[in-house]
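2 protein chains.
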Amino acid sequence: MKKVFFTPGPSELFFTYADHFRMAMKDQVGSISHRSTDFEIIFQHTTTQIGQLLNLPPSYRVVFAASATEIWERSAQNLITNSSHHFIHGAFGGKFHQVAKNWGKETQLTQIENEFEPTKSEADFIALTMNETSTGFQHHADDLVAMRKLNPDALISLDIVSSVPGISVDFSQVDSAFLSVQKCFGMPAGLGIWIVNDRAIEVANTMGQKSYHSLPSLIEHADKNQTPSTPNVLNIYLLGKIAEDMNRRGMRAIQIETNYKAALLYQTLASHPSFELAISTKHHRSKTTIVANCRDGNHNILNHLSEKGMIIGEGYADQKESQIRVANFPAHSKEQVELLCDALENLS
Amino acid sequence: MKKVFFTPGPSELFFTYADHFRMAMKDQVGSISHRSTDFEIIFQHTTTQIGQLLNLPPSYRVVFAASATEIWERSAQNLITNSSHHFIHGAFGGKFHQVAKNWGKETQLTQIENEFEPTKSEADFIALTMNETSTGFQHHADDLVAMRKLNPDALISLDIVSSVPGISVDFSQVDSAFLSVQKCFGMPAGLGIWIVNDRAIEVANTMGQKSYHSLPSLIEHADKNQTPSTPNVLNIYLLGKIAEDMNRRGMRAIQIETNYKAALLYQTLASHPSFELAISTKHHRSKTTIVANCRDGNHNILNHLSEKGMIIGEGYADQKESQIRVANFPAHSKEQVELLCDALENLS
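Those sequence lines, one after another, are chains A and B. Here the first sequence is numbered in this note's numbering, starting from 1 and rising by one per residue. Here the second sequence is numbered in this note's numbering, starting from 1001 and rising by one per residue.
Calculated from the structure, these hints are not laboratory results. Bear in mind that the values here come from a model prediction, so they are computed numbers and not experimental data. Treat the hints with care, since some could be wrong.
[To be verified] In silico contact screen, one side only, chain A against chain B (beta carbon under 7 angstroms); selected entries:
# : residue
1 : LEU13
2 : ALA18
3 : SER31
4 : GLU73
5 : ASN102
6 : GLY208
7 : PRO273
Cβ coordinates follow ideal geometry from the N, Cα and C atoms, glycine included.
Okay, chain A solo, but in the shape it has when bound (with noise of 0.2 angstroms):
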């Protein structure tokens, strides 16, 4: 039986996944060298699409790496001059902090509870975590614009690991942002988007950090629309493929469909007996990651959708047996979602 994963990534496939594969065969891009003039031009297709996916800011650029765990450390190594204050909610927020005490910075970190509060901080870096995946904790995009007010000096930097395109962000509100493919972008695992604008790069040219995945390197490559190294180019390739597919749909449906669908999974959870909603405060509830405890733990709630082919997401770490959490991608269509809903209903 073919499942549907609404894992919180690896996740299920776009839609066009597949099709944008058999062409890339026919093509063979697996074939290409990643310093060919058709690599150049893959890679100059899928950074633009992205762009213009996201509304980048003109001075905005975007570069690969091979995970958002690597881009916590290529950011501690090239923007985090001396400290860090890090803003977390839940165990991924929580290992960012830990990437930048390893490289030997002087980090704080401030827990958030129900409410987010802007906050002065004296770091030289600011990390935020649009969604908390560990949780479904999401920040309000007021919250961006007023850490920018309070820190005008700092950089700011934005996990946005399963929050775009799903959910919009302004990215002039933040100096560094970082995802991977296989949530939103319903691909399989194995690449980081990095987006930085000037005032980043400029910092990472200050520091001269001399990794061959240095900020400085990257852009230095980029700049001929390469490579420091042979990335996964079928996953470039892919991905501007997909970036195209959603730019021709408009981020705007994109993301209404994502709002009504989680209205349905919050609407479904919140007035089912056997679930509570985790996040207590409505506008900080993920619309991508919907986190709920159960009150008799997850096992039969798991095993009844997977039996329907459903595979949903467990809880994280210490909440493993005791949270469900259910991805709502844009891979994830309205009427998967719904036939989720009814299972969920239908719950003994």
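Position chain B against the provided structure of chain A, taking the given hints into account.
Chain B only, in chain A's frame:
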């Protein structure tokens, strides 16, 4: 027109790649969580098949990175305690030397000319390149034995990027070895394979490097058939399937065919007035990367072959227009190589 890529990687895809990809889509490998049992089964299958294919001694471990370039960096961070000695014949050996320097190591460089001289080194880490893809120089198996004998206390690292499984390597002579899948495994780029023994792991444990991709972290996760961050799951799956196909065929058969195709290519090039073999010492001529100087530049040759649907490599860097490089990987059939040799013979 479907082309045949004889480029030295990315190159022609292995015969069975497309079929395995179709099966991966059917089994939804692109959607499974890298923290699931399904992934652990894939990880175990792939590392087991690689171990069997390369005849790895029992204490040797297989872990994954994004590329061979990343493994240069991880080697510098985890395995070079103080000093490294790089024996190089071309650009890729030289790049590893530069990476070690960038990470603050005391480095020494020995340029190999026509013949390799086994040397006793004072360094704690010795870097050799089994097959230098930029020049077509290949070490003889005896070189490894001699280096090990002269340097019993140093860690010996072997770049096998374009070597295995086309060329046989005795892994008991080295402590660390690395490759990427877009060469002899005939796969799209985006995955590096790192092979280490217990001595290498012990050094890395002592160094206590704190990257998310430190060797101790890679090993700790591999103990559970996992990876520290979301990897290129699809490529790990496909690598396992292709390694399984190669095991079924047998390393001996693959290497006999590699030798036959190499002999044919060298014979064709040596007897043609337009070419001169780039490596003068016969036993250092690569079996997998055949390099020749072109008396009148490579422009017309590349064009002529391209019109026939055969894409071969140009020379590397300074030799870009004056040499050709022809990959002879397991994905290149005898028939394809024979057709290429016919086309080379008929060059005006």
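Checklist entry - Quick one, is the A:GLU73 hint okay against chain B at 7 angstroms, beta carbons? => result 6 angstroms, holds
Item to check | Hint validity - A:GLY208 Cβ closer than 7 angstroms to any chain B Cβ | outcome: 11 angstroms, violated
Checklist entry - Minimum Cβ distance from A:PRO273 to chain B below 7 angstroms? => result 28 angstroms, violated
Checklist entry - Given A:ASN102 was flagged as interface, is its beta-carbon under 7 angstroms from a beta-carbon of chain B? => result 4 angstroms, holds
Checklist entry - Can A:LEU13 be said to touch chain B, with a Cβ gap under 7 angstroms? => result 5 angstroms, holds
Checklist entry - Is the hint on A:SER31 kept, meaning its closest Cβ partner in chain B is under 7 angstroms away? => result 4 angstroms, holds
Checklist entry - Against chain B, is A:ALA18 within 7 angstroms by beta-carbon distance? => result At 6 angstroms from the nearest chain B Cβ, A:ALA18 passes the 7 angstroms test, so the hint holds.
Against the hints set out earlier in the document, violations occur for numbers 6, 7.
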